[in-house]
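Chains as they are written, first to last, in our numbering: chain A, 1 to 537; chain B, 1 to 320; chain C, 1 to 508; chain D, 1 to 273.
Keep in mind the hints are simulated off the structure, nothing from the lab.
Treat the hints with care, as some may be off.
Claimed, not checked - Simulated pairs of lysine-lysine, DSSO-like, Cα-Cα distance not exceeding 27 Å:
#1 B:K66 with A:K186
#2 B:K44 with D:K115
#3 A:K355 with A:K376
#4 B:K66 with A:K115
#5 A:K355 with A:K303
Note that this is a predicted model, so its numbers are computed, not measured.
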Amino acid sequence: MSRSLRLTVAFVAATALLAGCATPVAEAEQNITFAIEGGNLSAGHMDPHSSQLDVSALIGRNVLDSLVAQDLDGSFKPWLAKSWEISDDQLHYTFQLRDDVTFTDGEKFNAEAVKANFDHITAEETASAHAAAMLGAGSAYVDTTVDDEYTVSVNFSTPYAPFLQAASTSLLGFYSPKVLETSADKLKTGGPDVTVGTGPFVLTEYTPDQQLVYTANPDYNWGPENAEHTGPSDIENLTVRILPETSVRTGALTSGEVNVATNLTPSTVSQVGDGFTVKSAEYPGIPYSLHLNETNGVFADPKVRQAFSLGFDIDSAVDSIFFGQFKRAWSVLGPTTPNSYDPSLEGTWEFDAEKANTLLDEAGWTERDSEGYRTKDGERLSARWIAYTPIPDDRAALADVIQSDLKKIGFEIKREALEPAAYNEQYGPRTYDITDWSFANVDADGLRSHFHTGGFQNASTVSDPKLDALLDDAVATSDEAERTTLYKEVQQYNAAENLMVPIYVPSLLTGYSDSVKGLQWDLYGRPLFYGASISVD
Amino acid sequence: MKTSERPAELVKKRGGLGLRLLGHLGGVLLVVWGAATAGFFALKLVPGDPVEVMLGVQAQVSESVKAGIREDWGLNDPLPVQYFEYLGRLVRGDLGTSYQLREPVVSVITAQLPATLALTGLAIVFALAIALTTALFVRGEWMTRLASSVELVLVSSPSFWIGLLFISFFAYRLHWFPVTSTDGLAALILPALTLALPIAGILSQVLRDGLTRAADQPFALTARARGLGYRGLVARHTLRHAAADGLTLSGYILGTLIGGAVLVETVFGRPGIGRVTLRAVIDRDLPVVLGIIVIVAIAFAIINLLVDLAYVLLDPRLRS
Amino acid sequence: MSIRVKNLSVRIGSAIVVDGVSFDVAPGECLAIVGESGSGKTMTANALLGLSPGRVTADELLIDGRDARSYRERDWRAVRGRTAALVSQDALVALDPLRRVGAEVAETVEVHGRGMSRAEVGRRVIQSLEQVAVPDAEVRARQYPHELSGGLRQRALIASALAAGPSILIADEPTTALDVTVQAQILALFAHLKRRGLAVLLISHDLAVVGRIADRVAVMKDGAFVETGPTAAVLANPQHEYTQALLAAVPVPKTAAQQSSGQPGGDVVLVATGLSKTYGARAAVTDVSFEVRHGQTMGIVGESGSGKSTVARLLLGLERPDAGTVLLGGSEWSSLTESERRPQRGRIQLIEQDPFGAFDPRWSVARIVGEAVALTEPVTRDRVLELLAQVGLDESHASRRPSQLSGGQRQRVAIARALARRPEILVCDEPVSALDLSIQAQVLSLLGALQRDLGLALVFISHDLGVIAALSDDILVMKDGAVVEHGAADAVLRDPQHAFTRELLAAR
Amino acid sequence: MTVLIGLRTRKPPKVGVVVAGVFLAVLFAAALVPSLFTSLDPLDAEISQALAAPSAAHPFGTDQSGRDVFARVVYGARYSLLVGFGASAIALIVGLIVGLVSGLSPKPVDTVLGKIIVVLMAFPEFLLALLVIAIIGPGETSLVIAISLAAIPAYARVARSQTLVVKGSSYVRSATALGVPRLATIVRHVIPNTLGPLLVMATIGVGTAIVSAAGLSFLGLGPAAPTPEWGVILSEGRNLLDRAPWVAAFPGLVITATVIATSVVGRALRGRS
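Between the sequences and the hints, there should be enough to build the whole structure, so can you do that?
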């Protein structure tokens, strides 16, 4: 008791001290503070090798470097690999590694290190929720072989086009082999001396649910080729503050408490005034969509699915609820997804209550019950929508509008908010009618898990050999034009079948003070701090 | 409400102070054991698989991996084995390892404790200051009536709503305080005040009642008949009597602080034990939930012990 | 004159609680104001210290020769304790229970003797305590009120009143909470203080107390004095009928003719043999034996804590004796189980001191009595009214709740309820102690009449020898759980054998 | 808020009691026939009207999806009153039974039950409710169960001590001395006189329950999103404080008013009993 009492006293004293000299952030010292949402980070999500969460990849980037870098135009540039070759049968990727790279614990970066990391990702104990799949484990990936000290090959059983893209992310970044050997079990919790890579920053302090402090890696001289900066980072200390509340992050930015804040929401962007810039980057991959379960209940009928997609006013809802910050989605891929987007779908399926009504009449839902809902053979036209918690307020508002609009055409929507465990229980056997999510992914191959027979994100339970073939072909070729054609066909397929109803394209909104210079962005719109600095005006 | 034992009950107890202390310590252990046991079995009733929860939505993890995790966590052992292992660890001061955070529950809690202690500590200071001020300075009919109305409103308002109003008014409208949370004393004031107001309301109600009641006692008449004025009466006599009434509230106040911390930390986006609790409850992070239960039980038992001792210090009649 | 009051009135709201009283008190003199509860005597006393909660008006209000009518709170504070001091009823509550006796006495000194050194204050405290004959004053000063005996506590209270050397002492029922033997000592102290020149205003309900030290008496009723005069004259020759009633209400012993003690007429209905009961380590009752006869009264007298109430519970079978037996009508009683005892419970009934607590507060009088009737016979309204009539109540009382009755009426209801079971024996535990003197007399005469009419055997328990004497055929004197004297009433009263009995008698 | 039981009776002015009673009556009417007070549907989202400030058409303004906040608050009365009164009633009944059983049992049983109550009392009600929700999952019924379970120890404690007081009271002794059978004594005297204070406690407890329910809903542990429960509406408003403070302000105001009204009525009841 007395110890915690002393702690409190110390804390209060410390906060008082901070309050005394807090404003403004001492700029001359090249310290940058970055506010993230990060609420789940402490829940075993510090390791991008195992975590499927965005935030894991975001903060992993500070420490973990990749074989290659992807430029904003979608092309790949050398990073830790000086060069690479792809075998003609598309099954073997051979990388020539830099020989001047060391991990911040002194370990050498070489072919063995690459192999150790890829082995770690695919090892069962890692229980990787995303990275292993990105590496093609379970479908295409065979193994990684060491050719000589600085040459390494990654081998596949079938062609796997998204590999380079995957290899450019921090999910396939590299930990020190020593860490993998001695403390692989601690990676999910993370921390100094555990989260050790070759990156531009070294994690020196971690307080779960509060902050991560990074210092510049003084030896860093192996930035990606497309980086504008070279040598060690100019930033001495990079502090990542975990501020789960949007309003708090926004407030922290405008009050100068932090220099950069990400995951701002449309409703708070307007509070960011002069002296700040808000970078809005549309996420590539699958927009926020409603997934209609076509083997369950009313959505077995394509007419009902189409009526559903036309039955609510997406434009007004998205525009109003997101304060014009997010765009309405037309396709199951976002416009920024490289080499795949089909713009011809834009404007093709506007809100049309009349047509929706006609379609439902045609589908035989002609009677009305006392509450005004359509019925057929005494059954009410009703669909059950499950969503997992926490549900952001804007998505709830969106659902309110959808529910309310559909009620007007006699279509009942029942919504259930489920905790993740309960959600998984229903998601597994696919017992719902509707569920919803967005899935940011730089490669259009993200569609495969959504539409391929048995795909783990195949919420619409579609199983069509034709669709499977399109997706398999697309992943088997690295020819970009061919992939674009194939993915456009997939998008057209959905537009005809309405398996997913895309609603809006989320954007990553990142605000930063104008004193921050040299920020770069990855394809997801995430800030990269390697080249950043603070200008002293 | 949670009150500590009333003096009347204490009076009946025989035996010296030391013996009573020993009895109290036994009581503390009993309460902690009871709470830990009840908590353990209650949480075993939780539906849903902790492993699923641990991995989150849409994790691509095979069944065999999940089974392995279950084995590692001892979730496959028979319940009595899990229970006694749990108790064994508890005795050694080990509250287990969080499912979600993958670190010892003790360090999870100690990492968050300072933030919550700072919040609740300042809240208590505010509450006491407000309550004592009203108790001492409110006299006369209309002031009394005003004070009881304000107290009623404070006690009746949901604290999280007060917090939202504060943010809306002081942070967004007037820009007096940062909306932002974690830095500095300025950021602590609104949350602490939010947490303090309902407590201040009830405390000042009880103190004022206690003062009035004590002033109606014969000894107060005697004291006034000696020529003592109102302030002298309060300082020398009635405040001590009212303080005893206030003491009975300490359990209630602790409860309000802990329950309130969950809401206030959420509203103001502050880190702390309340957030950890809420997260652990939502995530079914059983070791953390159990840890919180045990810590709260210990806190309550200790507070009750201190309150009982304070009664004895305050009231010589309990010493014999 | 220390106090001179002309036409003093006190109003609280629209009620006139003191209605134009006039009196004066000279140094070395004691004036007693006597009246029953609610007569306004305490209000009068408080007005003299500026402590009245109401509005005070007077043609003349001189305290120590100065006109106090325009005094503000500040002026009053200078008077209180310094010029005129107050001693009130029960030192256990009139002294702050959380503070040491010394601190309480010192407070008076500190308030009026600004700038006095701590040592000097300490000396004054010891002086004051010694002045009222507190032995080991230095030790006592460090003790808390609850650690002192009732008598010492009351002396400490008086010491705190005298500490700043007032010339006027207002004593409001200063001995009421004390056992009679202690009462006598405190009264002697007052007499002593009076002789030393203090003006004493004594407020009391008890004419016996007044008779001992007061030089003059004012009898108060409904806020006004009905009679004033020298004590001896008023007591010997009361002019006003209220004074006469008050004097008549003082219980007088049964005459020898009324007593039936020793006459073998009544059958023995209740026998207690060797009753003992301990609670924890404390022996409440040790070896008590007696018998009660049909139509007769056994009086049990003793001070608080003497074990007399425990005897009552043992007789009723509400508690089981540790040793000894109670026989009811010659057969086993105390050794029965509750279910065996229940059918016979009607034969022996209880009347308690506080009838208010003895009724379910939500019930009407008719229902309270009806519950008892139902245990012996079908309840009829006539039977209930008959019972109420027996105790001098009528139909108008039947629908009231206990809280809507006066103390005397409640005690009558309690008696009616007991009678409903057609008992042979009534155990009355301090049945009139909570009542005003005049009401006491009425209830006592009611009990006497009922005993005559119904042939009831009474076990009458009281701390007040006067009350016991008024009804009893036999008297049992208890001290510390044991019987110290037992015999026929006239014998015990006339020729007490035990020193304690003599002390009790002397204190009257 | 059961702590108020311990306080000295302070009668609120008569007018206050009448106003509080009328307010509660209106709330009950709203709970039973919400359409009496508003013609709008609480779920009807008019996106063109989103975040409209309070006006004649929308007295409490509209929320992010253009629903009328007043209509939502009116329809929400049903949930809050149900939770408030339902939870108090359950806690009262179970608490009374536990307290009576404990108080009337032989000493050893009473001691054990008393200790169990003490252990449970060691938990703040709100935390206890959280834990119960963790076990049975969120939702409206869960809310009632969680809040009543959390409140039971307090009721049981008061019921037990009141039972002991009544059992040792002079009137129960009188009844025994009169020869009234034990069961009759319990039914006629012990239960009614134990129930009285509990009823007052429950009346004031309704307010506490409503606040707890709103708090739990606010944390997302109560009824799911579109339900117009007051705590849900409040939580919908919390991220709109800068541009639409009315969404959070009005439901909170109504909660506060409701709690004040139940306290005032409860205190008046206590004053009478």
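Hint check results:
Between the alpha carbons of K66 (chain B) and K186 (chain A) the distance comes to roughly 18 Å, so the proposed pair stays at or under 27 Å and holds. Restraint check for K44 (chain B) and K115 (chain D): satisfied, since their Cα atoms lie roughly 23 Å apart, inside the 27 Å limit. About 19 Å separates the Cα atoms of K355 (chain A) and K376 (chain A), which keeps this hinted pair within 27 Å; it holds. For the proposed pair K66 (chain B) and K115 (chain A), the alpha carbon gap of about 25 Å is at most 27 Å, so the pair holds.
With a C-alpha separation of about 11 Å, the suggested pair K355 (chain A) and K303 (chain A) falls inside the 27 Å cut-off, and the hint holds.
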